[in-house]
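So the protein lines, in turn, are chains A and B. Each residue of the first sequence is one higher than the one before, starting from 222 at the first, in the working numbering. Each residue of the second sequence is one higher than the one before, starting from 321 at the first, in the working numbering.
Calculated from the structure, these hints are not laboratory results. A few of these clues could be false.
[Said to hold, decoys possible] The following label-pair restraints were derived from C-beta to C-beta distances:
| id | chain 1 | residue 1 | chain 2 | residue 2 | range |
| --- | --- | --- | --- | --- | --- |
| 1 | A | Glu-265 | B | Thr-392 | 37 to 43 Å |
| 2 | A | Lys-262 | B | Ser-429 | 19 to 25 Å |
| 3 | A | Glu-265 | B | Thr-397 | 24 to 30 Å |
| 4 | A | Val-335 | B | Ile-380 | 37 to 43 Å |
[Stated by the list, open to error] Here are the simulated DSSO-like pairs of lysine-lysine, each with C-alpha atoms no more than 30 Å apart in a straight line:
| id | chain 1 | residue 1 | chain 2 | residue 2 |
| --- | --- | --- | --- | --- |
| 5 | A | Lys-261 | B | Lys-389 |
| 6 | B | Lys-424 | A | Lys-257 |
| 7 | B | Lys-389 | A | Lys-240 |
None of these values were measured; they are calculated from a predicted model. Cβ atoms here follow ideal geometry from the backbone N, Cα and C, with glycine treated the same way.
If you want the building blocks of each chain, they are given just below.
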Amino acid sequence: ETGVTQTPRHLVMGMTNKKSLKCEQHLGHNAMYWYKQSAKKPLELMFVYSLEERVENNSVPSRFSPECPNSSHLFLHLHTLQPEDSALYLCASSQERAVYYGYTFGSGTRLTVV
Amino acid sequence: AQSVTQLGSHVSVSEGALVLLRCNYSSSVPPYLFWYVQYPNQGLQLLLKYTSAATLVKGINGFEAEFKKSETSFHLTKPSAHMSDAAEYFCAVRGSQGNLIFGKGTKLSVKP
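Produce the complete structure using the sequences and hints provided.
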């Protein structure tokens with residue numbers, strides 16, 4: 222049990238579908254992150270939320286839309302994705318972006334776009 | 321700008337042999353450095369971290385890493401590999417925005 226739970230673990234979606242990834246943490250952290258992990262590529266930071274406000278958006282296409290309704294929950298809404306968006310999507314959390322303590326990661330959602 | 325280079329995308333060792341995974345960093349600020357491990361179908365788990373205290377850092381599962389400023393390195397070692405160490409290992413450095421910047425990862429295989 223990592224303290225960060227991601228659902229679903231696996232998702233297959235068509236290019237015209239709309240789906241959402243969910244992340245939940247019970248660690249009392251107030252910063253949350255979405256990372257994309259593709260084969261043979263470094264982990265890519267997509268979005269950062271600190272105290273429920275988006276503080277970073279690394280040139281991510283608009284077909285990815287994050288939402289952070291409170292400090293415990295983070296969503297990634299997906300629509301009209303492309304096959305190259307197939308990847309492992311990882312959620313992480315930390316205390317006040319205090320990198321000193323490192324991040325706690327969830328187990329990820331394996332997304333396949335067909 | 322901060323960056324991390326992990327030398328070798330794949331390392332193979334025999335069970336009981338020394339594990340050495342290499343990481344070199346570039347940082348314009350005092351570096352915070354981390355090693356994470358990822359087992360198949362799981363997220364990343366923190367192994368150890370360097371945050372400007374002792375240069376030799378001990379982590380979980382018998383791993384340790386030494387911060388060498390002169391070499392801009394933070395290599396991960398374990399004296400004796402175990403089959404359960406087979407996983408992918410990521411080195412990371414603190415970015416200027418406070419976020420973590422990861423290397424491409426090194427996949428460790430352990431042969432019986």
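We went through each hint and held it up to the structure:
1. For the pair A/Glu-265 and B/Thr-392, the beta carbons lie near 23 Å from each other, so the given range of 37 to 43 Å is not met.
2. Look at A/Lys-262 against B/Ser-429: about 20 Å separates their beta carbons, and that is inside 19 to 25 Å.
3. For A/Glu-265 and B/Thr-397, the hinted distance range of 24 to 30 Å is satisfied, since their beta carbons lie about 28 Å from each other.
4. At about 38 Å, the beta-carbon gap between A/Val-335 and B/Ile-380 stays in the expected band of 37 to 43 Å.
5. A threshold of 30 Å between alpha carbons decides the hint, and for A/Lys-261 with B/Lys-389 the separation of about 28 Å falls inside it, so the pair holds.
6. Distance check on the hinted pair: B/Lys-424 and A/Lys-257 sit about 12 Å apart at the alpha-carbon level, within 30 Å; holds.
7. A distance of roughly 46 Å separates the Cα atoms of B/Lys-389 and A/Lys-240; the hinted pair therefore is violated under the 30 Å criterion.
When held up to the earlier numbered hints, the structure conflicts with 1, 7 and fits the remainder.
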